[in-house]
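Colleague: Okay, here's what each chain looks like letter by letter:
There are 2 protein chains.
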Amino acid sequence: MQPQPLRVGIAGLGTVGAAVLDILARRDNPLADRAGRQIRVTAVSARDRTRDRGHDLTRYAWFDDPVALASSPEIDCLVELMGGSDGPAKATVEAALDAGKHVVTANKALLAKHGLALAAKAEAAGRALAFEASAAGGIPVVKTLREALAGNGVTRLYGILNGTCNYILSRMEQEGSSFADCLAAAQKLGYAEADPTFDIEGYDTAHKLAILTSLAFGVEIDAEAIYVEGISSITPVDLAMAEELGFRIKLLGVAERVGDSGIEQRVHPTMVPKTSAVAQVMGVTNAVTIDADAVGELTLIGPGAGGKATASAVVSDIADVAAGTVGMPFGRPAARLETAERAPMQRHQGGYYIRLTVHDRPGVAAGVASRMAQADISIESIIQKRPPGADKDKHGRSGEPVALVLITYEAAEAAIRSALDAIAGDGLVSEPPQVIRIERD
Amino acid sequence: MQPQPLRVGIAGLGTVGAAVLDILARRDNPLADRAGRQIRVTAVSARDRTRDRGHDLTRYAWFDDPVALASSPEIDCLVELMGGSDGPAKATVEAALDAGKHVVTANKALLAKHGLALAAKAEAAGRALAFEASAAGGIPVVKTLREALAGNGVTRLYGILNGTCNYILSRMEQEGSSFADCLAAAQKLGYAEADPTFDIEGYDTAHKLAILTSLAFGVEIDAEAIYVEGISSITPVDLAMAEELGFRIKLLGVAERVGDSGIEQRVHPTMVPKTSAVAQVMGVTNAVTIDADAVGELTLIGPGAGGKATASAVVSDIADVAAGTVGMPFGRPAARLETAERAPMQRHQGGYYIRLTVHDRPGVAAGVASRMAQADISIESIIQKRPPGADKDKHGRSGEPVALVLITYEAAEAAIRSALDAIAGDGLVSEPPQVIRIERD
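Protein chains in written order, with the UniProt record's numbering: chain L, 1 to 441; chain B, 1 to 441.
Just chain L, with the same shape it has in the complex (with noise of 0.2 Å):
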């Protein structure tokens, strides 16, 4: 007797939903191959029925409502792809748990506000929640995290996964220009939105390491604890010190275990070893390196987005839930993920970029010194740069302000805050200091 096929319905039909429709169709033989059963779409929902979307969508049962597509019996699987982290995405994922479907999502907001207790859910009815392509896009971290690394602690997780800042500050290292050029060369090509904000200020990177860090460290998802800080602040002058000085920066979402149950998450632009391999990363591309204590390092590269790589992700899921193979959505029961002491910012330990813009005249590095002293932080190197082409007094002084660049040794966030607070307050600094987090691999 043969199996029944996985009967799926597809909840929204962007480009990745369009994407899921092309790889299932082409791939019939190899995905019930490897699945044992057939996999069959047999329902969809979309906001608009009309819109030409390279399929002949008459071969599906139509939903206007996507809920009532979720419970429709004509359905095993609900893949969600609409997005947002409440309204219809909720409504729809909830609807498809109750009534006993697996689900499929690529929804990172709405996991990273609901994943513990749709997980929870999940689990009470004996259904899949799979969510590969929710964080790193066509990147298999997810699976990763939860099925190959079984055998590990893990002891810290960073990784750039947002494409448009990658793409920015790519592009801002290669052609020294300034980030409103690159963002608007980004938004030309389609790689950044006409509202970038939730991009650039690093909120898309949260939600992504809200997840990932929940399934690194079998700990209950907090996103609201993730300091978040942007890459707006960064300029062409910061990139070539950055170049000078042995480094990129990128934007990270790193998570870290701290002491023996605090977790640190953050978002930044980080200032990254040139020899790292997230440091290699150009463009759009995704990258996530985990430092595990049996594994050491492992890190994965590829497409964090574009509706076929996320399909390959969302496809990938859909053939676990067709083969039965998808275990716990964390990777164990919601209810024994722990609960991790927010490990607070100020408290953070690294090394620090500090750019400082200083009056040129005698003795200014000396009082920067010195609160630094103060604080007890130590400095690795100093550098100080003067405008070029700058006229010059008969000391070789311009009088114009400059820059005064300082590496320091691991110090604490708290001091390195209290010291510019110092510097600030001594009237050393012409502008507010630019400072960017060290993250050594």
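Fair warning: there could be bad hints in the mix.
Since the list gives no way to pick out one identical chain from another, each pair is judged satisfied if it fits inside one copy or across any two copies.
Derived DSBU-like pairs (lysine-lysine); straight-line CA-CA distance at most 35 Å [stated by the list, open to error]:
| id | residue 1 | residue 2 |
| --- | --- | --- |
| 1 | Lys90 | Lys188 |
| 2 | Lys90 | Lys121 |
| 3 | Lys113 | Lys385 |
| 4 | Lys90 | Lys113 |
| 5 | Lys113 | Lys188 |
Calculated directly from the structure, the hints in this document are not laboratory data.
Mind docking chain B on chain L? Use the hints.
Modeller: Same frame as chain L, now just chain B:
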């Protein structure tokens, strides 16, 4: 009612076996959470019962004979860590499958030779044959190919699959030292065996490539079809030229679809663009890049050997067995793996680096160029290098042989070989040519 624990028997207690015992003890609870049942080592077998492995072996049933362990009623899953393509390892794995046990193995030689037959046996018995650790150590490339890329057609796979070779090449590049010196250094550090043939001549890479090719393309394992060339002929001059031309030299295993039903499998030193992900991978680290139609390019980087990293992969397989989520060994029924047409190396198409040692006299470069043109090979660049410090005549010639380096556009291997034969026949070269294939990302 609690589910029964998975009872594991381990055959082979070297570095990897001891690390597996470590991880199973230390990660007892998370693994049980992940698998939904306990994992218990109940029996072991090794050559020497008395050796101190840092584990109290009296807790496990001891078997002098691994075949007896394999069919013992005290185990549900046999972990084979003995190695070797035939003999006891094969007998043990076969006995386990015959007795209805699941099998987890790290044995690349066994799989490269008997993987297809063993997969068929496992499927017939309805048991798992899992082998994540057999290729690229701690990198979850088997799971990625078999599960995460289920929606993808793979067009090419290439990787650094042997840490010994990558260590030697990295060190030669960084120090400008000879192959022999760097091999000796690798041996001293324990990165190379006393008899290093198996690693440096590419056979180890070929075993791993054979397994990955089968998973990537859905074809039968065909290790015999692999063209294999090692790294012992690589010189510091080649590495310096590579650097100058924007390349690095890596020993790659490459598998590629050619035409409709052909697969080209080859292992050889390879020039890769410095900007490619694999070019960044230095030392004993491994890396695999997969080009696939949905996801695009995916690269996985991590430790390819070592007790803990290999054990990480073994334990991930054991956890999948315990969770009951292991499907067919090669992601589809063994009987449905295609028989690929062997694409012979003579028909390989690609760019070539050719270093000729020529007599320093007029007309030599012209003679070489004309033979290339006759074989329909287009030259992308040509560089002539005089040995530094050599005495010169009034024309600036030293009389010493000089290096003439050509980079070709895409050409057929057969054309390259025939042109080089003609050049040798013309008496233009004083030493056999160095030929290194170029792989673009």
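Colleague: List in ascending order the numbers of the hints, as given earlier, that are violated by the structure.
Modeller: The structure breaks only hint 3.
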